[in-house]
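Q: Sequential numbering of the sequence shown, starting at 1, is according to full-length UniProt numbering.
Everything labelled a hint here was simulated from the structure, so no lab data went into it. Wrong hints could be hidden among the right ones.
[Claimed, not checked] With a straight-line cut-off of 27 Å between C-alpha atoms, the simulated DSS-like cross-links for lysine-lysine are:
#1 K567 x K516
#2 K404 x K695
#3 K768 x K640
#4 K287 x K185
#5 K810 x K768
#6 K680 x K552
#7 K777 x K695
#8 K630 x K402
#9 K596 x K516
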Amino acid sequence: KRKNIYVPKTSTSTVDLTNINGILDTTSENNGIIPKSAKNYKYGYDYDYGYGRNNYTYKRTVVGRGEESVEVKALRQEPITSQIQYSEDGENWMDVGSNPVKFIYTVDAKGDVPKTIETADTRNLINISMANYYTNQTYGNSFKFDGTGYTNSEAVTPNLVQGYLKDGYPVANGYDNNDDGTSLKDLFDGTWDKVIQNTYVTGLNHLFSYDSSTGTYSYDSDKNYAYYDIGDKNTEKNFIVYDNKKYKGDGKRPIASFMPYSSWDDDTDQNKFAFGMMISFEFLQPKNGKINGQDMVFSFSGDDDVWVFIDNKLVLDLGGIHERATGSINFADGNVYVNGKQNTTLKQIFNSNTFADYTSHSLKFFYMERGRGDSNCSIKFNLPPRPTNSIEIVKSLANSDKEKYTSADFQFKAYLEDEEDRNQNPVQYNAIPEGTPYRVKKNDSLTDEVRYVGENNIFTLKAGESAVFEGIDSGLWFYAEEVGILSDQFDKVDITDWEVTYHDLNGNPVGTSEGKVSGQTKTYLARSEEKTAGNAARVEFENTCNAKNLRKLKITKQMNGLPTTDKFSFEVYLTGQNGQFIPYDGGYEVRDKDDKFLRKEYANSDGIISGVAPDETIVIDQILSGTEFKVNEIKPDDSKYKDPIKKVEDGSCDGGTVTGSDGKIALEKDAHVIITNTLKVDLTVNKVWSDRGIKHSSIYAGLYEADGTPIKSAELNEDNQYRYVFGNVSSSDLVYELRPVTVNENAEFTINGKGYVKVKENDIIVAKANNTDTKYKVSYGKKAEDGTMITQTITNTKIVTKLNLIKVEKNNKEHLLENAEFALYTANDNYTYEESNLVTNKIKTDSNGRATVNGLVPGKYVLKETKAPEGYSLSANVWQVLVRDNQSVEVTLNGVPVEKSDDGAFVIENIKLYSLPSTGGSGIYWYMIGGMVLMSAAAWILYKNKCREVLGK
Numbered sequence: 001k002r003k004n005i006y007v008p009k010t011s012t013s014t015v016d017l018t019n020i021n022g023i024l025d026t027t028s029e030n031n032g033i034i035p036k037s038a039k040n041y042k043y044g045y046d047y048d049y050g051y052g053r054n055n056y057t058y059k060r061t062v063v064g065r066g067e068e069s070v071e072v073k074a075l076r077q078e079p080i081t082s083q084i085q086y087s088e089d090g091e092n093w094m095d096v097g098s099n100p101v102k103f104i105y106t107v108d109a110k111g112d113v114p115k116t117i118e119t120a121d122t123r124n125l126i127n128i129s130m131a132n133y134y135t136n137q138t139y140g141n142s143f144k145f146d147g148t149g150y151t152n153s154e155a156v157t158p159n160l161v162q163g164y165l166k167d168g169y170p171v172a173n174g175y176d177n178n179d180d181g182t183s184l185k186d187l188f189d190g191t192w193d194k195v196i197q198n199t200y201v202t203g204l205n206h207l208f209s210y211d212s213s214t215g216t217y218s219y220d221s222d223k224n225y226a227y228y229d230i231g232d233k234n235t236e237k238n239f240i241v242y243d244n245k246k247y248k249g250d251g252k253r254p255i256a257s258f259m260p261y262s263s264w265d266d267d268t269d270q271n272k273f274a275f276g277m278m279i280s281f282e283f284l285q286p287k288n289g290k291i292n293g294q295d296m297v298f299s300f301s302g303d304d305d306v307w308v309f310i311d312n313k314l315v316l317d318l319g320g321i322h323e324r325a326t327g328s329i330n331f332a333d334g335n336v337y338v339n340g341k342q343n344t345t346l347k348q349i350f351n352s353n354t355f356a357d358y359t360s361h362s363l364k365f366f367y368m369e370r371g372r373g374d375s376n377c378s379i380k381f382n383l384p385p386r387p388t389n390s391i392e393i394v395k396s397l398a399n400s401d402k403e404k405y406t407s408a409d410f411q412f413k414a415y416l417e418d419e420e421d422r423n424q425n426p427v428q429y430n431a432i433p434e435g436t437p438y439r440v441k442k443n444d445s446l447t448d449e450v451r452y453v454g455e456n457n458i459f460t461l462k463a464g465e466s467a468v469f470e471g472i473d474s475g476l477w478f479y480a481e482e483v484g485i486l487s488d489q490f491d492k493v494d495i496t497d498w499e500v501t502y503h504d505l506n507g508n509p510v511g512t513s514e515g516k517v518s519g520q521t522k523t524y525l526a527r528s529e530e531k532t533a534g535n536a537a538r539v540e541f542e543n544t545c546n547a548k549n550l551r552k553l554k555i556t557k558q559m560n561g562l563p564t565t566d567k568f569s570f571e572v573y574l575t576g577q578n579g580q581f582i583p584y585d586g587g588y589e590v591r592d593k594d595d596k597f598l599r600k601e602y603a604n605s606d607g608i609i610s611g612v613a614p615d616e617t618i619v620i621d622q623i624l625s626g627t628e629f630k631v632n633e634i635k636p637d638d639s640k641y642k643d644p645i646k647k648v649e650d651g652s653c654d655g656g657t658v659t660g661s662d663g664k665i666a667l668e669k670d671a672h673v674i675i676t677n678t679l680k681v682d683l684t685v686n687k688v689w690s691d692r693g694i695k696h697s698s699i700y701a702g703l704y705e706a707d708g709t710p711i712k713s714a715e716l717n718e719d720n721q722y723r724y725v726f727g728n729v730s731s732s733d734l735v736y737e738l739r740p741v742t743v744n745e746n747a748e749f750t751i752n753g754k755g756y757v758k759v760k761e762n763d764i765i766v767a768k769a770n771n772t773d774t775k776y777k778v779s780y781g782k783k784a785e786d787g788t789m790i791t792q793t794i795t796n797t798k799i800v801t802k803l804n805l806i807k808v809e810k811n812n813k814e815h816l817l818e819n820a821e822f823a824l825y826t827a828n829d830n831y832t833y834e835e836s837n838l839v840t841n842k843i844k845t846d847s848n849g850r851a852t853v854n855g856l857v858p859g860k861y862v863l864k865e866t867k868a869p870e871g872y873s874l875s876a877n878v879w880q881v882l883v884r885d886n887q888s889v890e891v892t893l894n895g896v897p898v899e900k901s902d903d904g905a906f907v908i909e910n911i912k913l914y915s916l917p918s919t920g921g922s923g924i925y926w927y928m929i930g931g932m933v934l935m936s937a938a939a940w941i942l943y944k945n946k947c948r949e950v951l952g953k
């Protein structure tokens, strides 16, 4: 099967589509054929350079003729029927049939002719028609095409036409401004007899460039020269737009030209300065008159006559033959400007400040060149053209401004009256069937994306998107449904200016409470009322998020260790409608550590949030569950700060699935990200001994991160005065004294082949003091902070305690005894001792019966009384004394704890001796009698023993 190929400025040739790779550089997808480029195309003829001299870059493929043509993505030969098929999306295929297929290329620059540029396909969106006139003609009595009435400046001549359209065309006021002036219809519909033959054309395409990021259409002759080829080969009625401007004319101030009937290299001026152009389209007034956050504006710059009518009323009047004039209509604030000055307002014209949101309107632009010297034209607008004979179904969110960060798909069905069974009662509806294409608008701007109705006649939209179904008879009844709505995510659906009803999965009506669907109905659908397509171009389903579904992302800045007055910045990303991360550029609140509101700010277009102080929290609200997030701190000065630590609070969100995700917003949860910074400092450690003035052994100190991770160690000894500086460390790092590991402990540091671990606060270690093993309690002083210097002190306090004694009379504890003396000895584990183990023998009770032994180190001791108080017997007891590491003391006698006084002194008793009687006292008699009896008994015992010895011999 052979089809035509059209390349600008070449002859038409043919190509066998079954062997396309033999001629064109192509790639294949889904069995389709997609041309890429044609270099030195051997069949093309360039009028300037002959055969095979020009290079072309493939741009698009067109199937069909003129206004009925369609731009396609791919071609293929169907494997079963061998029919040639085309696809608009690379997935759904239709037969080419008898339609021509053309591959459109831009022409690379050659000599003085610049390359051409790619422009937008605006067919069925924007209607463009033109007519070229003979020069030096006069239309009616008002419009002369010979330069008459030239203002010689940018000044315009207003009121040349009346303030309304008649039968769709302007009406001249006439010289006397009467109301029965001449219609300009013949000028713009090609019926004037001064229209050059074959130059009146309608359905023109590819004049405007389109910026999908802003929704802006534009053409500017100062940047790009445009040419319309009226030849019969241009069946698609496309402009050729060059990648450069071109001056043509003989005006006083040469500027880039708009002469669409003159080719780039046509240097003649015959019949080039008199033409008319009409542009028209339907559009919708967006919310607040803004598109993608910008005011919706239509603007023009150029010469000569320009009249812009909205809903058939004249709004912008730049009439007359003049130099370049400017004008604009702002649909957000309603102001209309001419040459930079406010001329009128929409309120004055329409008795309202601006148009109501989402109302449908028409724009008609009439433009004529009537001068003899120059012609220039710049048209720019971000109005969203609405395809003719279409219905639009829109998805939006009522209580969230985060639509572009919502990747959830919302499901819909649309129902049309049966065209073959119309005017029935009740109306017979059919769902728009699977496979039906629909165009996609995003944020009220039409895109090039085409989708298709899927299984079960369901089509999907994301928040902020619209489905535009074209070719709909305006008289057909229709309604639409949003289906599969989960009540725990969206508990209310409004349809702008429409009634709405709710139904369960079985089609039964669902009741509401305060307009909201109860959680008892897990899944439901929202159905619009029925209207005719001509009366309702737009159906907007606006979902209200359940409070469970509308959550927050919190980002808290913290400092670890030293504080700082520095401010910090973050990059924040949320998943967009394609499920991938895009910068967050919306608003946020700043709150202090007590959750007190501080200020409202906005992230920039790169998602950067700046000026965040420590202990401040960023709060981004109205985020739907299922949205994933990523937060990165813009790294501060790494010579001053350690790498930041990012932590997502446990349980505050679900796990993410997108690469680099920090998490996913969950129902009923607010995600919390904490980013902690730490200043780099020099940390000096000082080792202090409580028993100064004696020789101590060296010790090791270990540097640890705040979470306990060991970093490095250092030896502290007499040579470095028990002092060491850990340089360039985190201000939150800590230093601990180290001790050797014990059995079953894992070493944190290995020093000289031995394992060591940290000594915790108040732990006991053994160190050499004057070469004697001595127990010390380890303590850590509070870090002293001084700018970028931190000092930490480790103190080893020798463990000593005291033994408090109180001497009392046995059986009379109120009688305190002085001058009792004791000796204290170190003892073995079983409390045996040697006299050489004397600790002190200078323990003596005072007048209060008290004595204190100071400086006892942990261990076992024995206590002996060496001298009793006068009048008391010397105790033969040996008391056992135990001094523990915790500095507690225990005294026992033969395993029985010794009694303690109220103030904790150990009570030692002495027995009182009897007193001698005075001389001559009566008491001596009984002592003498007792003594004589004892002596007599002893003598008798000795006598008896002697007698036994004699008898034994």
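Q: Would you mind marking each hint as holding or not holding in the structure?
A: Outcome of the hint check:
no. : hint        : verdict
1   : K567 x K516 : violated, 44 Å
2   : K404 x K695 : violated, 73 Å
3   : K768 x K640 : violated, 40 Å
4   : K287 x K185 : violated, 34 Å
5   : K810 x K768 : violated, 44 Å
6   : K680 x K552 : violated, 33 Å
7   : K777 x K695 : holds, 17 Å
8   : K630 x K402 : holds, 16 Å
9   : K596 x K516 : violated, 32 Å
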